[in-house]
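J.: Spelled out, the chains give:
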Amino acid sequence: MKLRRFLPAEYRFRWINFLSAVCAVAVTTAVLSLFRNFLSSQVVALLYLLPVMLAATRWGLLPALAASLLSFFAFNFFFLFPTFTFAVGNTDELLALMIFLIVAVIISQAVTSANMHAIQAEAREREATTLYALSRALGEQAGLDETLATVTRMITEAFSIAGCEVLVGTENVMLQSRASFLAAFPLPADPLPAEKHAPGGKQMGIRGEAARLGPIRNLDIPLAARQAAVGVLRLYLREDDASPDATSMRLLTTFAAQAGLYLERSKLAREASRAQLLEESDRLKSALLSSVSHDLRTPLAAIKASATVLLQEDAALDAVTRTDLLSAINEETDRLNRLVGDLLDQSRIEAGALRLTLDWCDMDELIRAVVRRLASLLAVFLVRLQLPADLPLILADYVQVDRVISNLLENAIRFAPPGTAIDIAARAGAGELTVAVTNQGPAIPARLHPYLFDKFYRISEDRSPNMGTGLGLSICKGIVDAHGGRIWVESPVTGDSGTRFAFTLPLPDASGREKDLDDEKNQDTHRG
Amino acid sequence: MMKKTKILIVDDEPQILRALRAGLIAQGYEVVSAADGEEALDKASAELPDAIFLDLNLPKKSGLEVCRELRKWSAAPIIVLSVRDSERDKVTALDLGADDYLTKPFGTDELLARLRVALRHAAAGEGTGEPVLRAGNITIDLARHVVERGGEEVHLTATEYNLLAYLATNAGRVLTHTQIMGHVWGAGYESETQNLRVYISQLRRKLDPDSLQPQMITTEPGIGYRFLIDE
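These protein sequence lines are chains W and V, in that order. Mapping of the first sequence onto numbering that gives the first Met the number 0: position 197 corresponds to residue 196, and the numbering continues sequentially without gaps. Mapping of the second sequence onto numbering that gives the first Met the number 0: position 84 corresponds to residue 83, and the numbering continues sequentially without gaps.
Treat the hints as calculated values from the structure; they're not laboratory data. On a predicted model such as this, the values are computed, not experimentally measured, just so you know. It is possible that some hints are incorrect.
[Unchecked claim] Once the Cα atoms are required to be at most 30 angstroms apart in a straight line, the calculated BS3-like pairs of lysine-lysine come out as:
1. V:K103 to W:K284
2. V:K60 to V:K3
3. V:K71 to V:K42
4. W:K303 to V:K5
5. V:K5 to V:K71
6. W:K284 to W:K266
[Stated by the list, open to error] Pulled from the structure, derived: some chain V residues nowhere near chain W, Cβ distances all over 10 angstroms:
7. K2
8. Q26
9. N56
10. R70
11. K71
12. A74
13. R87
14. R133
15. A134
16. E151
17. Q214
[Unchecked claim] Heads up, incomplete: computed chain V residues facing chain W, CB under 8 angstroms, no partners named:
18. E86
19. P104
20. S200
21. T218
22. G221
We put the beta carbon where it would ideally sit given N, CA and C, even for glycine.
Given the sequences, and given the hints that come with them, work out the whole structure.
T.: Printed below as a string of structure tokens:
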């Protein structure tokens, strides 16, 4: 198969080559006959070497030998006295005839063998090139399916076959097609060929496709790996394709082994990264459990205690105590609700399942809504808002951005001494809107900054109800990231105190908002 | 004896049914309940309740489906009950004709307040209430199209007035973005929330200069707006 392609067409064993050799000798004989009176027998002998040379270079050893023998007889029959007989007149001429035959045979062998060597060298070079190209394809940092698709294409092209397919699996597992290529009409780069999706599971696929070009047969070469074969390299040969010769088989086997190792390596890499992920998520899960179980149990314990006291039939509770217990149940329920909400948000962000519902949002409105909602907590602080009147609208998820601002403001409140100022500022810059929440609490040491947005990270060991869940900033970061913004901390802000948390949200391209407003202003004012 | 107001509660959680029933009966309401979507429709046609609390997550027939079926023949106010993060469902329910929503967990005080607003609104009917509405120091004279703040007339553009009038005549109820835009700007403009944001912000500036105090127009995150008026 391979050599067939690399050899000149004439070098393959064919009757036409013999016929050509015979013709060459016949033509030489005819031409020489025209000049027989002017040529000595020695010159004729030399000229008879021409068709032999021609046959040796062009048509191979056997036609060359045939030409040699034919020339030998033609020389004897037409040019040596007595002409038109195979008898030879004297010993000199007999000697010349014999020498001619020997020289012709030697030339035939020398020329063809030189040619063969050149061709083999070329073939080996191509072989090396092909193997190198295939190996390089395997070495590239492309995805598995992409790489295999390239490989099947290269093999199909290098060996001029109908198609090629890589099937993955072992004896225990059904072989599954991972990549395929078909000469003339490549299949879509679908990891599963079309037939796998076809109703009824009809095995049509690449083989069926290839068969449309004519009868096809398979040649399977195992993809050997260190331990066992990991799959099969399947070649589709046309009816007239010769089976691969020893050299081609060696090349294909070498390559199949490389591909096998590649598949094994990528499988091991996948398994390794999966194991790493599992280990990581296990570690996180246990961190979560230890942190959360305390946070979840505390409000539950309070609720349970209050409720059971209230249920005691013999307990003599005054109205104040009853109200107190009921308020405790009410407050702890809110705390539990907030914690469950935070946990759900966090897991949603981690699972990449945070879906944003983008809509136009007025940051001014958003910030004021949060400030109003937290009014009772903010009562002991001096709240300063810096909200320019011309703040542009943003395209964001209102509910999620509300959570970010609420979390930042709650944090600011938590760590600020009562009576100090809390600043909330928003401004539009180049392509983004920045919101900053600044308090005048103690500074956060710079070495802690990198951990602030990690989940369950808490600066304070204090786990009292107002100290948060350790998820707030982590959720903020998740939400801001999902919007394509940034979030950061600056501390200290002035002197050695104050902490500022700021985040950006991308601004949409210049909107038609201003224009709409102008249109409206130009209308008559409505006065009824 | 005056006929008691009848409330239908639809929820598949027996604990919720128990708590709501107790809270409503204590306030003098008559209560019937249903535990799934099909039962909800049966009870609604048999009992003809004055208002319905409807959980969205129901077995047999979803709350949204029940809401749609009910609105084919019943005008009784529907207050939807659902959990956090299901804004889309809430909006769908409201656009299907539900009157309000409550996010679980909610307090009984909140539940009763919503119920009162819904019942009052149902009794008054659309736009047939008071010709003059008051909220804080704001007066809206619907007959004369005049808005005053502390006795001073406030100048509003046509769109601003239409927006305010629509919100105010539906005082206490949540209105979805789609409902507001469909009503104020007309069909085909329901998706231009950008404009709505801008007009709400302008209205607030004109009516509510001290915006850190509780506002007349409150934002219902991800849902719409609600106009608060003195009860």
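J.: Does each hint hold? Answer for all of them.
T.: Results of checking the hints against the structure:
Taken as a hint, the K103 of chain V and K284 of chain W pair is honoured in the structure, with Cα atoms around 27 angstroms apart against an allowance of 30 angstroms. Distance hint between K60 of chain V and K3 of chain V is fulfilled; the C-alpha atoms sit about 29 angstroms from each other, no more than 30 angstroms. A threshold of 30 angstroms between alpha carbons decides the hint, and for K71 of chain V with K42 of chain V the separation of about 15 angstroms falls inside it, so the pair holds. Restraint check for K303 of chain W and K5 of chain V: the C-alpha separation of about 34 angstroms exceeds 30 angstroms, so the hint is violated.
Between K5 of chain V and K71 of chain V the CA atoms are separated by roughly 20 angstroms; this keeps the pair inside 30 angstroms, and the hint holds. Proposed proximity of K284 of chain W and K266 of chain W is supported: the alpha carbons are some 26 angstroms apart, at most 30 angstroms. Residue placement check: K2 of chain V keeps its beta carbon more than 10 angstroms from all beta carbons of chain W (closest about 33 angstroms). At roughly 17 angstroms from the closest C-beta of chain W, the C-beta of Q26 of chain V stays outside 10 angstroms, upholding its exclusion from the interface.
No beta-carbon of chain W comes within 10 angstroms of the beta-carbon of N56 of chain V; the shortest separation is about 16 angstroms. Under the 10 angstroms C-beta cut-off, the non-interface status given to R70 of chain V relative to chain W holds; the minimum distance is some 25 angstroms. The non-interface label for K71 of chain V is consistent with chain W: the shortest C-beta to C-beta separation is roughly 29 angstroms, beyond 10 angstroms. Non-interface status of A74 of chain V relative to chain W is upheld: no Cβ of that chain comes within 10 angstroms, the nearest being about 30 angstroms off.
Not every C-beta of chain W lies more than 10 angstroms from that of R87 of chain V, the closest at about 7 angstroms, which undercuts listing it as non-interface. The claim that R133 of chain V is not at the interface with chain W holds, since no C-beta of that chain comes within 10 angstroms of its own (minimum 17 angstroms). The claim that A134 of chain V lies off the interface holds: its Cβ sits roughly 16 angstroms from the closest Cβ of chain W, which is beyond the 10 angstroms cut-off. Annotated as non-interface, E151 of chain V keeps its C-beta farther than 10 angstroms from every C-beta of chain W; the closest such distance is 13 angstroms.
Taking the minimum C-beta to C-beta distance to chain W, about 7 angstroms, the non-interface status of Q214 of chain V is violated against the 10 angstroms cut. The restraint placing E86 of chain V at the interface with chain W holds, with a minimum CB-CB distance near 7 angstroms, inside the 8 angstroms limit. Hint on P104 of chain V holds. Least Cβ distance to chain W is approximately 6 angstroms, under the 8 angstroms limit. For S200 of chain V, the suggested interface contact is upheld, since its CB lies about 5 angstroms from the closest CB of chain W, less than 8 angstroms.
The closest approach between the C-beta of T218 of chain V and any C-beta of chain W is roughly 5 angstroms, which is under the 8 angstroms cut-off, so the hint is satisfied. The restraint placing G221 of chain V at the interface with chain W holds, with a minimum CB-CB distance near 5 angstroms, inside the 8 angstroms limit.
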